[in-house]
Each structure stands twice: as structure tokens, then as C-alpha cells.
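Visitor: Heads up: the protein sequence lines correspond to chains A and B, in order.
Residue numbering for the first sequence follows the numbering used here, starting at 17 and increasing by one per position.
Residue numbering for the second sequence follows the numbering used here, starting at 17 and increasing by one per position.
There could be a bad hint or two in this list.
Unchecked claim - Pulled from the structure, derived: some chain A residues nowhere near chain B, Cβ distances all over 12 Å:
{"#": "1", "residue": "18"}
{"#": "2", "residue": "44"}
{"#": "3", "residue": "88"}
{"#": "4", "residue": "89"}
As the list claims (entries may be wrong) - Coverage of chain B stretches by chain A, computed from C-beta distances (three or more under 8 Å per stretch; other residues unrestricted):
{"#": "5", "region": "141-153"}
{"#": "6", "region": "190-198"}
{"#": "7", "region": "203-217"}
{"#": "8", "region": "224-231"}
To be verified - Simulated restraints on C-beta separations:
{"#": "9", "chain 1": "A", "residue 1": "92", "chain 2": "B", "residue 2": "143", "range": "51 to 59 Å"}
{"#": "10", "chain 1": "B", "residue 1": "143", "chain 2": "A", "residue 2": "90", "range": "42 to 50 Å"}
{"#": "11", "chain 1": "B", "residue 1": "72", "chain 2": "A", "residue 2": "209", "range": "40 to 48 Å"}
Keep in mind the hints are simulated off the structure, nothing from the lab.
The beta-carbon is built from N, C-alpha and C at its ideal position, and this holds for glycine as well.
Number of protein chains: 2
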Amino acid sequence: MRSPAQNAELALLLEVAGTPKPGNVDRHHDLADLRFEHFLAGAVGAREGLELAADGAAVGPAFERAIAGMADQEGGNTQFGALLLLVPLVRATREDLSQPVVEAVVRETTVGDAASFYRAFDHVDVGVDEPPEDMTALDVRRGADAIPALEERGLTLFDIMERSVPGDDVAREWVRGFDRSFAAAERLADADGPISDRTAAVFLSLLADRPDTLVATRHDEATAWEVTDLAAELVADNALETEPAAIEAFADNLVERGINPGTTADVTAAGLFIALEHEAIGL
Amino acid sequence: MRSPAQNAELALLLEVAGTPKPGNVDRHHDLADLRFEHFLAGAVGAREGLELAADGAAVGPAFERAIAGMADQEGGNTQFGALLLLVPLVRATREDLSQPVVEAVVRETTVGDAASFYRAFDHVDVGVDEPPEDMTALDVRRGADAIPALEERGLTLFDIMERSVPGDDVAREWVRGFDRSFAAAERLADADGPISDRTAAVFLSLLADRPDTLVATRHDEATAWEVTDLAAELVADNALETEPAAIEAFADNLVERGINPGTTADVTAAGLFIALEHEAIGL
Numbered sequence: 017m018r019s020p021a022q023n024a025e026l027a028l029l030l031e032v033a034g035t036p037k038p039g040n041v042d043r044h045h046d047l048a049d050l051r052f053e054h055f056l057a058g059a060v061g062a063r064e065g066l067e068l069a070a071d072g073a074a075v076g077p078a079f080e081r082a083i084a085g086m087a088d089q090e091g092g093n094t095q096f097g098a099l100l101l102l103v104p105l106v107r108a109t110r111e112d113l114s115q116p117v118v119e120a121v122v123r124e125t126t127v128g129d130a131a132s133f134y135r136a137f138d139h140v141d142v143g144v145d146e147p148p149e150d151m152t153a154l155d156v157r158r159g160a161d162a163i164p165a166l167e168e169r170g171l172t173l174f175d176i177m178e179r180s181v182p183g184d185d186v187a188r189e190w191v192r193g194f195d196r197s198f199a200a201a202e203r204l205a206d207a208d209g210p211i212s213d214r215t216a217a218v219f220l221s222l223l224a225d226r227p228d229t230l231v232a233t234r235h236d237e238a239t240a241w242e243v244t245d246l247a248a249e250l251v252a253d254n255a256l257e258t259e260p261a262a263i264e265a266f267a268d269n270l271v272e273r274g275i276n277p278g279t280t281a282d283v284t285a286a287g288l289f290i291a292l293e294h295e296a297i298g299l
Numbered sequence: 017m018r019s020p021a022q023n024a025e026l027a028l029l030l031e032v033a034g035t036p037k038p039g040n041v042d043r044h045h046d047l048a049d050l051r052f053e054h055f056l057a058g059a060v061g062a063r064e065g066l067e068l069a070a071d072g073a074a075v076g077p078a079f080e081r082a083i084a085g086m087a088d089q090e091g092g093n094t095q096f097g098a099l100l101l102l103v104p105l106v107r108a109t110r111e112d113l114s115q116p117v118v119e120a121v122v123r124e125t126t127v128g129d130a131a132s133f134y135r136a137f138d139h140v141d142v143g144v145d146e147p148p149e150d151m152t153a154l155d156v157r158r159g160a161d162a163i164p165a166l167e168e169r170g171l172t173l174f175d176i177m178e179r180s181v182p183g184d185d186v187a188r189e190w191v192r193g194f195d196r197s198f199a200a201a202e203r204l205a206d207a208d209g210p211i212s213d214r215t216a217a218v219f220l221s222l223l224a225d226r227p228d229t230l231v232a233t234r235h236d237e238a239t240a241w242e243v244t245d246l247a248a249e250l251v252a253d254n255a256l257e258t259e260p261a262a263i264e265a266f267a268d269n270l271v272e273r274g275i276n277p278g279t280t281a282d283v284t285a286a287g288l289f290i291a292l293e294h295e296a297i298g299l
């Protein structure tokens, strides 16, 4: 039986292998400077941090180690958001991989965890928004330089996540008990076919549910809504099965415009991990 | 910097991602019962054994652990041969990843290593030939049941490999100082483009050099030669760049006939590991 850290690494690999995932790197699509092999190397590099979490390390240091390892490839940020979901989920498996347990894990994070989270930003460039005015001192892009301000205000990692909602649907998972991640796991179990097909179906359904917050950050809200509305139409038409050309056209359009629904991929990876751990999908 | 165990796992992932690799599973091709995700899970599962080798464990036990982990997926044998090359190569990195050092590593294996090797066959079905008559008691398909006979004759793992040449080009690497693996690493460094393209080019060139011994075992010598001659023509025509359709036709033909040049993929994986460790390819 695979360990939680192994399943978490495998979830990262299955996520990037799932195809088609319009706008993102997948088994059949690369982007100009971000290729499939960067995600493979990112997953391999993240494993040590995932093992720390499985061994009972605090969420912050385990996350920072995972990001340092993930960043050890030339593609840049590949799986930052996915790991921010996976690390507490892996930590929860020490007791039980359920929504109440992972909710307790994230609510028990400390100021020290928050400091590690800020240090993680020193390892890799992450696409984030300007912070609100009262949070300038805590801009994550300042990395470790923001730690004194963080300590002064006594903010835990959970506090930081709470302040990032709305606008960041990875943070929203932390605040809402990993709702969408667990829902994604159920959808993966209910879908048909090999894991790659299930992954593609669940990615598209998640994208149809809510605008991708990475798209909203890098482009704007209207663009994020447009993408979600298009995804919803494709889901309604069952296009993955009946109109593959429509899916490819959607994908080409997103890639041309530089639109990558990365947050949706992060939630998909979290769902894959939960489904693997619960043996709801076989492999 | 990635550790040797990380690079070895990454080599397994890059090998299966490299496309086109006619007849084998790759980023764009699955077989009926053996799919891309089985190789992803196989690589993830092998990591613990690779870490044992990097930490100085003996070759046999590290290999057995790698195979037990690799086999923890439903596809069956994905990377047995590749791991039989990678484990001693990873072990060699403790001193120096060079041909003389890895040659010393394999020549110093013991009867205990051979026993672990036989135990590895209990974890997974591997495509092997009938043994010669005087070796029936040592048929690897007997798994751990063959260990008493092995101990009685005092055969080391190197002795077993020596007795498997010719007919098994993974064993040949052990006996010939990993000649082709190091040559593959040089070819990967000299090739052009992203790693996936380099992997495809080197796979085809290796297949053109020598008949694949897994093909000879599962089919016959004539078939293995036919495949190699066709590969050599495609290499001579520079078909990977100029005639992708000819490569696809070759691939379709092999898949239809159930021909998988697995040994050539094993040597490709070993070459990828050496190239990553020597930083001869960037990622």
C-alpha cells in the first residue's frame, strides 16, 4: 500500500497527466516556457516536504520544504497551490483524512507556520495580487522580509489564509474545510474510465462551478467568468465525450490568450490525493 | 540540487514521458492493459528502494525494495529492468558515477544480493526466457524458492547476471561496465531540443544499434532483428524530424503485433539518470 506522501506525489503526477485540461500543461499540452517535465521534476522534488508532513512535522516547515524541492527545476512555479492543499491533507492522514480533521489541522497552525509560508515565497515566483492597503507590510512577495511584521501582529498561517479570501480559492479551501477538494474526490470516484479521463472531467466540472482565482488575479474577474461560462457550456453539452474538437478549440483559445486556470488544477490535485487515500479510485 | 534517488525517480518519469518511443508506453501512447499512470505509480513506488541504495544499502535488498514499491499498482511490471540498472548506478554515486565505480559495485555483489534479486520476482511477473538446462533450479520464475539452490552453488548476483548474457541486455550492462547506459547519456547530452525529444531520439538510436532482448524473449530473434533494422532505417532517414508519419506507422505496427522494446527503454532510463547526475541535460 502506498504511503500518504507517495499518494500525494502521485496525485501531483496524475493531475498534470490528466488530459485535456484546457489552458494548462497536461499529458498532451505544453506551454511555451512551462513544460510537462517541469511538473514531473516539481512532483519529485516536493516529496521530501510531503514526507515531513506525514511524519508529523508542522504544516509550515513541511510546506516550505516541499516548495524548496518543487522549485528545483527551470520551469518556475509548478505546484505551489496544490502543495498548499496537499500538505495539510497529508498531515491529516495521521489521524483521519476527513474534513473535520483537516479543518483542525489548518486552524491549529501557528505564527511560526506563517513565517515558513512567507519563506516559501523566496524559493519561487508565485502569481499573486496586490495586497489590500492595510496588508502591504505582509505582502507575500516580500518573502522572509515580511516575517517581523507578521510576528508583530501575531498572525497564524490560518489567519493569513482567512485574509486571502475571497480572491484566492486555495485559501478558501483552508477556510471552508476543503469542501471543493473532497467534492472533487467524490466526482473522481463517480466518473468513468481511466484516471486521466476522470481527471479531465473533474477539472472541467470544477472550472464550470466557479471562476478560477488565478485567472482573475493574472487577468481580471470578467475573464475568469468568461472562462467559467464557457466551461459550463461544454459540461452541459457533455463535450468531453461528444465534441472533443470543441474542447480543443477552447484549450487553444485559452493558451493563445495566456490563460491558465491553475487554481482549478490545484483543487483537482487535492481531490486526486483524497480519492487515492480513500481507495475511491484504483490504480 | 536533486539527490541521486530523486534523479533516479525522475529518470523513470522522463523515460516514460519521452515520445515517440515506438511499441512502448509513452506520453502519447498507452497499451491495452498497461497505461501511462501505471508507470507514474511505479516510479513513485520505487523511490524508497532507490533511497536505500543512495544511503549505502547493498544492491540486492535495495533492488528488492524498489521492485516491491514499483509493483504496488495494477499494471504489472513497469520498470523492473530499468531498476536493475538504476540501483547499482545510484549506489555508485556514493563514490563517483563512473563506469569503473559502477563496475566495482556490481562485481562486489554477494550471494545475499542474489537471494534478494530472486525474492524480487515474487512481487511481479517479469518476461523472461526458459533457463538453460543446468540452470533449471535457478529459474528466476521460482522466486524465493530458488534461493537454496543459489546458496548451495554460491552464486553472487553478478554471477547470475553473467549467466544471463547473451539474451538479456540488462544483464549485459552489468557485465560490460554499463557501456550502453553511459553512451546513452552522451547521446542525450548531444541531442537537440527538450528532454522528451532527446529521449525519443536516443531510444530510437539504441533500438537501431542492437536487437531488443525483451522482444527476442517474448517473440523471437528474427522479430527482434526486424525491429532493429526498421529502426536503423528510420534513424538513417532522420525520420523523427522529417517523417513523423513513418515513425507513427512503425509504432502502430509494433503495438498491433504486441512488440514492446522494453530493454531499450531500460537502457534509456539509465542514460537519463547518468545525464541528470552529470548535469549533461538541464531541467
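Visitor: Could you run down the list of hints and mark each one as holding or not?
Guide: Verification of the supplied hints:
Here residue 18 (chain A) does not stay apart from chain B, with its beta-carbon only about 6 Å from theirs, under the 12 Å limit. A Cβ of chain B approaches the Cβ of residue 44 (chain A) within 12 Å, the least distance being about 7 Å, so the stated non-interface status is violated. For residue 88 (chain A), the condition that its CB be more than 12 Å from all CB atoms of chain B is violated, with the nearest at approximately 6 Å. With a minimum CB-CB distance of about 6 Å to chain B, residue 89 (chain A) fails to clear the 12 Å threshold, and the non-interface call is violated.
Only residues whose beta carbon comes within less than 8 Å of a beta carbon in chain A count, and the region 141-153 of chain B has 0; fewer than three means the coverage is violated. For the region 190-198 of chain B, the stated coverage by chain A is violated: 0 residues have a C-beta nearer than 8 Å to a C-beta of that chain, whereas at least 3 were required. Proximity of the region 203-217 of chain B to chain A, defined as three or more residues with a beta carbon under 8 Å from a beta carbon of that chain, is established by the 3 residues found. With 0 residues having a beta carbon nearer than 8 Å to a beta carbon of chain A, the region 224-231 of chain B misses the requirement of three or more and the stated coverage is violated.
Separated by about 41 Å at the C-beta atoms, residue 92 (chain A) and residue 143 (chain B) break the suggested range of 51 to 59 Å. Here the CB-CB span from residue 143 (chain B) to residue 90 (chain A) is close to 37 Å, at odds with the stated 42 to 50 Å. At roughly 44 Å, the beta-carbon separation of residue 72 (chain B) and residue 209 (chain A) lies within the given 40 to 48 Å, and the hint holds.
Checked against the numbered hints above, the structure violates hints 1, 2, 3, 4, 5, 6, 8, 9, 10; every other hint is satisfied.
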